[in-house]
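*Asks:* Given these sequences and hints, build the entire structure.
There are 2 protein chains.
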Amino acid sequence: MKNYRILLFLSVFTFIFSCKEDKKATPIEPETVVVSRPLPSWNEGKTKNDILAFVKNVTTEGSSGFVPVENRIATFDNDGTLWSEQPAYFQLFFALDKIKLMAEDHPEWKSTEPFKSVLADDMEGIMKSGEKGLVQLMMTSHANTTAEEFEESVKNWMKTAKHPRFNQPYNTVVYQPMQELLDYLKAHGFKNFIVSGGGIDFMRAWAPETYGIPSNQIIGSSINAKFDYTDGNASIIKMPELDFNDDKAGKPVGIYQHIGKKPIFAAGNSDGDLQMLQYTDSNTYPSFQLYVHHTDAEREWAYDRESHIGQFNIGLDEAIAKGWTLVDMKNDWKTIFSFQE
Amino acid sequence: MKNYRILLFLSVFTFIFSCKEDKKATPIEPETVVVSRPLPSWNEGKTKNDILAFVKNVTTEGSSGFVPVENRIATFDNDGTLWSEQPAYFQLFFALDKIKLMAEDHPEWKSTEPFKSVLADDMEGIMKSGEKGLVQLMMTSHANTTAEEFEESVKNWMKTAKHPRFNQPYNTVVYQPMQELLDYLKAHGFKNFIVSGGGIDFMRAWAPETYGIPSNQIIGSSINAKFDYTDGNASIIKMPELDFNDDKAGKPVGIYQHIGKKPIFAAGNSDGDLQMLQYTDSNTYPSFQLYVHHTDAEREWAYDRESHIGQFNIGLDEAIAKGWTLVDMKNDWKTIFSFQE
Chain A
27 MKNYRILLFL
37 SVFTFIFSCK
47 EDKKATPIEP
57 ETVVVSRPLP
67 SWNEGKTKND
77 ILAFVKNVTT
87 EGSSGFVPVE
97 NRIATFDNDG
107 TLWSEQPAYF
117 QLFFALDKIK
127 LMAEDHPEWK
137 STEPFKSVLA
147 DDMEGIMKSG
157 EKGLVQLMMT
167 SHANTTAEEF
177 EESVKNWMKT
187 AKHPRFNQPY
197 NTVVYQPMQE
207 LLDYLKAHGF
217 KNFIVSGGGI
227 DFMRAWAPET
237 YGIPSNQIIG
247 SSINAKFDYT
257 DGNASIIKMP
267 ELDFNDDKAG
277 KPVGIYQHIG
287 KKPIFAAGNS
297 DGDLQMLQYT
307 DSNTYPSFQL
317 YVHHTDAERE
327 WAYDRESHIG
337 QFNIGLDEAI
347 AKGWTLVDMK
357 NDWKTIFSFQ
367 E
Chain L
27 MKNYRILLFL
37 SVFTFIFSCK
47 EDKKATPIEP
57 ETVVVSRPLP
67 SWNEGKTKND
77 ILAFVKNVTT
87 EGSSGFVPVE
97 NRIATFDNDG
107 TLWSEQPAYF
117 QLFFALDKIK
127 LMAEDHPEWK
137 STEPFKSVLA
147 DDMEGIMKSG
157 EKGLVQLMMT
167 SHANTTAEEF
177 EESVKNWMKT
187 AKHPRFNQPY
197 NTVVYQPMQE
207 LLDYLKAHGF
217 KNFIVSGGGI
227 DFMRAWAPET
237 YGIPSNQIIG
247 SSINAKFDYT
257 DGNASIIKMP
267 ELDFNDDKAG
277 KPVGIYQHIG
287 KKPIFAAGNS
297 DGDLQMLQYT
307 DSNTYPSFQL
317 YVHHTDAERE
327 WAYDRESHIG
337 QFNIGLDEAI
347 AKGWTLVDMK
357 NDWKTIFSFQ
367 E
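Chains as they are written, first to last, in this note's numbering: chain A, 27 to 367; chain L, 27 to 367.
Fair warning: there could be bad hints in the mix.
Identical copies go unnamed one by one, so any copy, or any two together, can satisfy a pair.
Stated by the list, open to error - Once the Cα atoms are required to be at most 20 Å apart in a straight line, the calculated EDC-like pairs of lysine to aspartate or glutamate come out as: (1) K74 with E235; (2) K185 with E235; (3) K274 with D257; (4) K356 with E206; (5) K74 with E332; (6) K82 with E70; (7) K158 with D257; (8) K348 with D254; (9) K252 with D307; (10) K188 with E96; (11) K274 with D254; (12) K72 with E332; (13) K126 with E332; (14) K348 with D257; (15) K252 with D297; (16) K181 with E96; (17) K212 with E96; (18) K126 with E324; (19) K154 with E139.
Think of the hints as simulated: they come from the structure by calculation, not from any bench.
*Replies:* This is the structure in structure tokens:
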């Protein structure tokens with residue numbers, strides 16, 4: 027129950043030490059090159075070849091590994107797999123920004139912790155409020171609101187907020203090679219799902235447009251919701267109670283409850299994704315396990331075994347032991363973000 | 027929490043008094059007529075015209091009510107809306123049949139209630155075991171098994187069990203006009219979902235094939251599940267604890283958590299569907315609310331306000347007051363089941 031909240035807010039620590047990084051603002055250049063070969067942002071090599079060979083095997087009728095289209099389920103972690111998760115989970119930036127926006131209606135927050143520290147950009151003060159304070163910030167920014175108001179608040183934030191290092195909207199800090207992979211799988215009859223420890227409603231406000239994945243194919247952590255029908259007005263109210271923690275062993279459970287089928291393709295980047303990859307690996311159909319390894323400190327970040335965010339330790343060992351595909355961001359990806367091209 | 031269990035087993039009462047009904051076995055005749063006009067099993071009239079006019083309005087670009095394809099969400103109740111729910115919820119027949127199958131490995135059940143009564147087909151004895159006994163039967167037949175074993179057990183049952191009145195497999199006791207409606211909506215860009223008080227895993231074992239709706243578009247009541255990873259074997263274990271009751275006010279919540287969008291079309295048949303229809307009715311896009319009214323005692327059953335199963339009382343009042351579409355099964359449907367043609 028507590029993991030979801032703690033994970034999100036542990037990232038504050040990293041935020042404190044990294045938000046002063048140099049900002050490399052680069053204007054977004056429109057994509058004009060038309061390419062017909064698959065996965066153009068992936069460098070030639072074993073990783074790319076293995077992906078292409080797998081897709082060919084499971085989609086070629088008569089091949090030894092052919093998988094009927096209705097069983098071509100692909101699941102993708104989001105934070106650190108489809109978009110960045112440094113210097114802190116982007117959902118955390120949303121939560122803090124929303125608290126600041128809400129402060130106008132809450133003059134008492136100026137003298138009440140943990141809100142006082144948020145308004146003063148005092149990260150140490152926030153952390154001092156402890157788990158209780160952090161949960162309070164999380165629930166204040168995500169609950170006691172209608173589903174529609176919450177969605178609107180995320181959409182507005184996405185339009186205006188900028189990533190502290192890249193000075194770009196957060197929904198552009200997404201990995202171009204992974205977008206191409208999503209498109210490539212979809213073109214081959216796969217149904218792509220996001221299976222993230224992040225908030226399901228937070229993602230659904232922007233991910234469908236960004237990734238081309240419909241809202242019902244987005245699975246994440248959730249808080250409870252209740253139906254309200256007052257004076258003929260029907261609405262969903264988001265409640266300040268954790269419903270489901272879609273991380274670690276929760277990921278296969280989320281897949282089972284939402285999809286009802288075992289994936290044949292799963293991609294993650296951290297120990298939180300290990301169980302999803304193990305579950306996928308148990309498919310009686312041929313399956314593919316992909317781990318994105320953050321190895322590029324220059325264009326993105328380099329971190330794995332010791333990182334507070336996206337720790338990749340036992341998953342890295344298991345990936346090596348089982349021969350799963352490790353994407354070396356620095357060497358396997360020609361481009362990381364479209365704004366860096 | 028308790029409603030799901032109680033509802034399913036309350037139907038036992040009805041079962042006791044109706045399982046002696048005359049059996050009208052009719053062989054299944056293959057469908058050979060090719061029709062190009064929509065909804066051929068619906069009689070001409072206001073109901074059919076209203077459906078066609080709604081679909082035309084929301085799918086014609088430039089029309090006042092045009093709805094972009096990604097927002098054409100349709101949600102259907104299952105029991106009593108897509109297939110019959112008399113003389114008892116079909117899932118109950120599965121549960122009792124499964125207990126009988128499992129009895130081979132449980133010789134102690136011959137002398138232990140509530141199992142003893144199940145094995146003796148003694149419905150009064152089952153009911154005497156009270157809620158505790160009923161929950162025990164439900165959990166025994168649905169939990170403490172892997173997801174795959176459970177799915178297999180439902181599939182085997184569906185191949186062999188016959189409906190007590192029609193002497194046909196349960197997955198043929200489905201309303202042909204509603205199948206046509208599902209197909210018609212799908213052909214017009216709608217994404218169809220089942221939103222049922224019945225068990226999500228029970229439905230996913232047969233409904234995709236029967237209705238052409240993929241497993242991830244089936245929402246229902248669920249019990250908890252956990253991920254198990256032992257000696258390198260990954261599996262999902264179904265746990266004997268209720269997770270979500272997808273009935274009444276739970277239906278809009280299930281829609282929100284699974285789909286993340288408000289439907290523009292909703293169909294039900296009982297008071298348990300009322301909140302789903304209210305929720306759909308609150309869509310800012312044009313929306314359609316359909317209630318199947320069981321009015322045909324000869325070809326199916328006639329029941330509404332007083333029925334223990336599928337009670338349709340406050341929903342009927344609200345449908346009349348709001349001008350929602352009431353499908354009169356007897357007069358609106360030319361054919362009910364394909365095996366009756």
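*Asks:* None of the hints should be skipped; say for each whether it holds.
*Replies:* Evaluation of the provided hints:
no.: 1; hint: K74 with E235; result: neither (26 Å within a copy, 35 Å between copies)
no.: 2; hint: K185 with E235; result: within (13 Å within a copy, 42 Å between copies)
no.: 3; hint: K274 with D257; result: between (42 Å within a copy, 18 Å between copies)
no.: 4; hint: K356 with E206; result: within (17 Å within a copy, 53 Å between copies)
no.: 5; hint: K74 with E332; result: neither (28 Å within a copy, 64 Å between copies)
no.: 6; hint: K82 with E70; result: within (17 Å within a copy, 49 Å between copies)
no.: 7; hint: K158 with D257; result: neither (36 Å within a copy, 38 Å between copies)
no.: 8; hint: K348 with D254; result: between (49 Å within a copy, 19 Å between copies)
no.: 9; hint: K252 with D307; result: between (36 Å within a copy, 17 Å between copies)
no.: 10; hint: K188 with E96; result: neither (39 Å within a copy, 28 Å between copies)
no.: 11; hint: K274 with D254; result: between (33 Å within a copy, 12 Å between copies)
no.: 12; hint: K72 with E332; result: neither (27 Å within a copy, 67 Å between copies)
no.: 13; hint: K126 with E332; result: neither (32 Å within a copy, 54 Å between copies)
no.: 14; hint: K348 with D257; result: between (58 Å within a copy, 14 Å between copies)
no.: 15; hint: K252 with D297; result: between (32 Å within a copy, 18 Å between copies)
no.: 16; hint: K181 with E96; result: between (32 Å within a copy, 17 Å between copies)
no.: 17; hint: K212 with E96; result: both (12 Å within a copy, 16 Å between copies)
no.: 18; hint: K126 with E324; result: neither (32 Å within a copy, 65 Å between copies)
no.: 19; hint: K154 with E139; result: within (9 Å within a copy, 56 Å between copies)
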